[in-house]
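One-letter residues, chain by chain:
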Amino acid sequence: MIQGVICGKGGQGVITLNAMIGTLAANMGIPAVSAETHGMAMRGGSVATYIKIGECLSAAVAEGAADFIISLTKDEALRNINFIKKDGVLIVDTDQPFDLTGVKIFSLPASDIAEREFGGRIYGGQVLLGIFLGCFDGIDTAKALEILKTAPKISIAAIEYGVKYAQTH
Amino acid sequence: MVNGFFLGNELIALAAVNSGVKSAYAYPGTPSSEILSAFQKFAPERYAQWSLNEKIALELASGEAISGSSTLCCMKMVGLNVAADPLFSVAYTGVDGAMVLVSADDPGPYSSQTEQDSRMYAVSARVPVLDPCNPQDAYRLTMLAYQISEKYRLPVMVRPVMRVCHSRQNFMADDFSAIPIRETILSGTFRKDMPRWAATPKFRRILHEKLNKNLDFLAAEMAPKIPEKRYDMAVVASGYAYAMAKDVIDEMNLPFDIIKVDMPFPLDRQFVIEAEMVYDRIVVLEETFPVIEHNFTIKTEGRLTGLVPSEGELTADIIADILLKTAGITRETAKAGITVNESPVNLKPRLCAGCGHRPAFYAMKLAAPNGIFPGDIGCYTLGVNLNAVDTCICMGASITFAEAMKRSNPDRPVICTIGDSTFFHTGVAGLTNAVVNSAPIVVAILDNETTAMTGFQPVPHKTGKLTIEQACAGAGVKHIVNADPYNMKKGVEALKQALAYAHTDNAPAVVIFTKECVTKTRYKNKKTAEITDACTDCTICYEKFECPAIYRDKAKRMAKIDESACIGCMVCIQVCPQKAIGVKK
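Line order of the protein sequences matches chains A and B. Heads up: the first sequence begins at -17 in the working numbering, then just goes up one per residue. Heads up: the second sequence begins at 23 in the working numbering, then just goes up one per residue.
Isolated chain B, as found in the complex:
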């Protein structure tokens, strides 16, 4: 029995455990990462895997579900781009056990490249999708998703937005005693069914037809309920937008009925027609694309009519403004009476003090002052602050972009950066392509021995079963060098040699910068750096090198070490052109 204050991601995991899930697969990505860790915490005896990428995770979850087992697969929405191929196909074949795919969206965006809506994938692939409004609702709808998946033998998507994943809410398992909790783990055996699991195009058409019929039945079963009519205007909403709209309507006592849509796709036609008949005006609130709204044809306002902003996260203020405007009510400002006569200093995210990525980036700039530096996705995207990340597109695109950039800019050195986890995610295929197509680029693999940005999930090469060097050699790379990023001189030398090799041999070279993530080594070195009077305040250590443990002492007009933040990596000593930094005695 549980009783406490739980993250949405934890309650999704708990619902999967309570639904009898046998195996769970995921690749980490904010805001989805805590689901698999919570699954491991709640059910340590069951199988959980951090897969190499989302496509692999979804194929493994699907394969087990086709064998009659119940599975969970978790990712962030851009991960679903990687996993889209199996998703579309498994929608047709269905499953023999149960499978729920959790794809977490990031309206804002806060930690992502896009504001895409996973529900659009659900519509396009024809997979039912449930859209929870808060952590308790995420538990309820994940339980429901497993029931639907088992009943209809379909994969089902649960789409929480970041505000659901990373909200906490009080929760007691007793709150949901109406839903029976499965005692047994659902695991089956594979039953051969070639027209289904290995369907040729002819059978695919039949599967498509079956799927469409199933979706019609499901839509009718899950049709949203129209409440007893109190007002002429209604809000139709799903997900976190529903939770905010319900709170705003209740708190401000606004003249709207509110209808919650648990399942935006497939949406029952009859419900839409009825809602359009009952109400004079309908406002649709959902994130981030008009999935529900597209079903309505008359009396309806939302993103398609310009009432709801088309980009950015919805907030309580935006929703209040929309509803007040629709209702024709003017609001007095509550802020009157507060005067603020000062403004805050801006803070931007930076690589940690002592992070091994920082000196690697710095060495790249020294080795190739006119270089082009394609980057990738991870903590090390913060290399933008050091002007050492020129592009950031998607997982693995650093290496392919490096090949492309070199072809378009043959006279300039190209050094790309990719983290260890990202390298195994989608980097290996790009590196193989660079080898096969003779791309004279340098790939700097920034190995911090963990997936740091998303919360320190494990990485393949720390299992002891393979190394990054072996993967590179297997991809056909002939020049592979290891470097300690804390040794600036040797790092620059390694990069220069790699550039020379790439140029003369017309092939990619790899430099692996290995330094354990500093969040794990933080308290190991008791010594700190110290600035001496030789400092001329040239700003390099705290601006160009951007160490967060160094700041400018305005009164003394020199750099100063924040001893509580200094890790003792001593790289600043090597960076300082005045030799004004030493080890504190």
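Chain A on its own, in the form it takes in the complex:
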């Protein structure tokens, strides 16, 4: 089982990113459960979502148990850092460095890159998704990309950028 936290600010596409990963898992025939927060939190506040990929009933991630955190801001990554386990993977959209040890960090200004390379900041999330797909041994990256091939071309390009980034960093 792979479990993690996907977080950011309201309106950044956190819930969409979580649903993309879950949908991908479902299409790969892997069970998954996620949990989101809606409502008041949406109005620019912190949004944290959880996902467990594998056999389980709940999406409740315990502290120190997350294999990964994907965050659309540095602050939200830090706010949820208590969830990550030793040597877990931290994937963050930021141009700021982290003062943090004990985890593997992929930090890059994904939205800026997406705006430059793919014509929209919104594709930053898909760059992070690509990194996630590329950095876990437990995920069949080739199979995932095969399933994703029906997605819009720009999305695929952003995801592939992320996969390549993960494999070269």
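If you're looking for bench data, these hints aren't it; they were derived computationally from the structure. As the structure is a computational prediction, the values presented were derived from the model and not from experiment. Treat each hint with caution, since some may be false.
20 Å max Cα-Cα, derived PhoX-like pairs, lysine-lysine [said to hold, decoys possible]:
hint, chain 1, residue 1, chain 2, residue 2
1, B, K370, B, K566
2, A, K56, B, K370
3, B, K214, B, K224
4, B, K370, A, K(-9)
5, A, K56, A, K68
6, B, K321, B, K282
Chain A regions said to be covered by chain B (calculated; three or more residues, Cβ under 8 Å) [claimed, not checked]:
hint, stretch
7, -2 to 11
8, 81 to 89
9, 134 to 146
C-beta: ideal position from N, C-alpha, C; glycine also.
Based on these hints, arrange chain B on the given structure of chain A.
Chain B alone, transformed into the frame defined by chain A:
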């Protein structure tokens, strides 16, 4: 055939569709709102209504179900407070078709005023209640709820918590092929039965007795199964607490048998006695009140014994701690080895950049610096950030609180705020009361032409069949003024005139601030505001006015516009005392 990653709310709707539901009624409220929209998506040819409030929704669903149809009614738990009156009565009369009431709870709470447990209403009203543990289970139990409702002719409640409503899970309709999916829509015709549908107190006692017998049969039919005994300790759990407990026990290999309770009420007596005989210790885990736990008398621990915290959401960590403590196991921390040398900046939810509510609140403070500002439920509760919301109690309570506050504080101006959807929900009755009882208050109706907080459900006055002005006039209000919140000067003027009218005529005045929700107009104005060198960093635009598109440039010691966030409402230009903001050329 469906195959994908679905929200709990979507699967509840799908189960209703597959159970042959004819009509669905709801009032939006987090975390229940997506159920009706999903019902509309899955079955666009069937009837779905966003009712004006939950009491109306439940009465409509009940009325159709009494006529032999199958209906769905959805709300959040505080909505059930509004709908409690018909619920208690329909529990006695029952239905002739089928009716499922979904009341979504919000342990935490995340988006609500309380952590109340809808299952307590079920117990009190004597309505069977099913408590799903995740989205797949929500589908299964909603299907089951319709079967129970049809078989026993009773309204049945499904109570998902937020973590079930807003969880997603992989789902294929084939997973549940064992349950037959009804092909036809269940719709009937009304059969007269006065002793039942119009029961007088004498007949009510008979209905109560019938109901109690039905509940006993149902409890026996639905009795939880005690598994083959492996351990001396057992967890008895329902809902999301069950899903978390099952995962924790499996992952940590803890010495507990686990028993799932699908239906916390009515709970079979025999099951409870048997469980107490079989096990040495029983831990009951449920959210948020001890509904199941109250049935047990010996060997049992939970909220009543202080083992389980009485407030807040249960988490995997809390459940793990409870079970480890009960089993006498100590856990080593997994976090060792990670050092964090920085901490995050706090983010609080704020009204959007360009939101029409912000200038309306700001105008209220300018018009009545020593005013009292009762608020209401919606995005505009965030007016607390602008110090323009002094109370927030429940839907519609802004206007009644304004009347009360004015009576207790006659020397201070009172301006209350209420959104358009909330106004039609329960505001009209409060406004009528204020008119009848000569309350010299100002009611600011913040009209953004949608129910924004819960996901943009429609509002009555956008149907073109009535207006807010007509509703106010119908309630007897004589002073009704419209104002554009983007025009600060005119907004303040309108409020001052309304306060003067209320004072001299001893009657409520209404100011309607209309501005379409900014999430719909976001990309209309290409121009943005710009800060000039005249800025003295007085902090008003980004702190008091709290526009999220303005921040402090620390190096230059002045305010700065975030052009990607600025909507171009240009209200900050009117707010700046230094005249240091202009339109960017």
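Here's how the hints hold up against the structure:
1. B:K370 / B:K566: Given that 20 Å is the threshold and the Cα spacing comes to 15 Å, the pair holds.
2. A:K56 / B:K370: This hinted pair holds, its Cα atoms lying about 16 Å apart.
3. B:K214 / B:K224: holds, 18 Å
4. B:K370 / A:K(-9): holds, 10 Å
5. A:K56 / A:K68: holds, 19 Å
6. B:K321 / B:K282: Within the cut-off at roughly 18 Å; holds.
7. -2 to 11: holds (count 7)
8. 81 to 89: Coverage by chain B holds here, the residue count being 5 at a Cβ distance below 8 Å.
9. 134 to 146: violated (count 0)
Hint violations for this structure: number 9 only, all remaining hints satisfied.
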